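So for the sequence shown, our numbering puts the first residue at 106; every next one is plus one.
It is worth saying that the hints were derived from the structure and are not from the lab.
Predicted, not measured: the structure shown is a model, and the values here were computed from it.
Even glycine gets a Cβ: it sits at the ideal position worked out from N, Cα and C.
Some clues are possibly wrong.
[Said to hold, decoys possible] Calculated cross-link-like contacts (lysine to aspartate or glutamate; reagent style EDC-like; alpha-carbon spacing at most 20 Å):
no., residue 1, residue 2
1, 123, 189
2, 123, 228
3, 120, 177
[Claimed, not checked] Label pairs and their in silico Cβ distance ranges:
no., residue 1, residue 2, range
4, 249, 228, 30 to 40 Å
5, 135, 158, 34 to 44 Å
6, 125, 219, 36 to 46 Å
7, 199, 254, 38 to 48 Å
8, 155, 232, 20 to 30 Å
9, 164, 252, 34 to 44 Å
10, 192, 226, 31 to 41 Å
11, 204, 158, 34 to 44 Å
12, 274, 252, 28 to 38 Å
13, 176, 199, 31 to 41 Å
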Amino acid sequence: MPVWVCLLRGVNLGKQRKLPMPALRAALTAAGMTDVRTYLQSGNVIAHSPLRAHRQVSDLARAVIAAQFSLDVPVITRRPAEIDNVIAANPFPSQAAQRAHLIRVIFLAAVPHADRIGQLMSDSSLQETCRVIGSHVYVDYVRGYHNTGRTAPWFTRILGVDGTERNWRTVLALSAITHERAPGKTQGKTT
């Protein structure tokens, strides 16, 4: 059965968007996913599903969250190999090794139109700290993440594609979790 990584946008950031991870795991299991795990409280779900298409898995998770928790939460999905490809394509490897918390990846719901990418990259201040590769935006927040207005909502608005952001440590952890249950490997602990 395929393994899926579901990245939820904007949960557990404020009083109105609370989503308890144990209850989410139970709801997704009741909806037919198996071996449902979460990583951190920020909406990272790793699960098996008989569904084979990104849109099907995304729609299922979003519908479960809406029905069970009365929240409309965009869900971006990736397969383990796609997470590994994100890691391999990182245009800022030395920066990630030095300051993983300041390298972020915005996982987009689709590949943005070339005109939108051109509009984004026409900003000279971004040319050394931002790359759009396929359906991912890599950002090096050199001066700190909280000191800029250029967070995931800003990037997704310019690119015209929905998305959600994760720091480099989380990207690496999600890759590790998806490979924990490969044949010959022992099972690690997540929630």
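Against the structure, the hints come out as follows:
Taking the CA atoms of residue 123 and residue 189, the gap is about 29 Å. The hint is violated against a cut of 20 Å. Restraint check for residue 123 and residue 228: the C-alpha separation of about 35 Å exceeds 20 Å, so the hint is violated. Between the alpha carbons of residue 120 and residue 177 the distance comes to roughly 15 Å, so the proposed pair stays at or under 20 Å and holds. As the Cβ distance of residue 249 to residue 228 is approximately 18 Å, the hint placing it in 30 to 40 Å is violated.
Distance hint for residue 135 and residue 158: a CB-CB separation of about 21 Å, inconsistent with the stated range 34 to 44 Å. For the hinted restraint 36 to 46 Å between residue 125 and residue 219, the CB-CB distance of approximately 41 Å keeps it satisfied. Separated by about 26 Å at the C-beta atoms, residue 199 and residue 254 break the suggested range of 38 to 48 Å. Taking the beta carbon of each, residue 155 and residue 232 are about 44 Å apart, not inside 20 to 30 Å as hinted.
In this structure the supplied range 34 to 44 Å holds for residue 164 paired with residue 252, their Cβ-Cβ distance being about 36 Å. Distance hint check for residue 192 and residue 226: the Cβ-Cβ separation is about 22 Å, which falls outside the suggested range of 31 to 41 Å. The hinted window of 34 to 44 Å between residue 204 and residue 158 holds, with their beta carbons roughly 36 Å apart. Taken as a hint, the range 28 to 38 Å is violated for the pair residue 274 and residue 252, whose Cβ atoms sit roughly 19 Å apart.
About 39 Å separates the C-beta atoms of residue 176 and residue 199, a value consistent with the hinted range of 31 to 41 Å.
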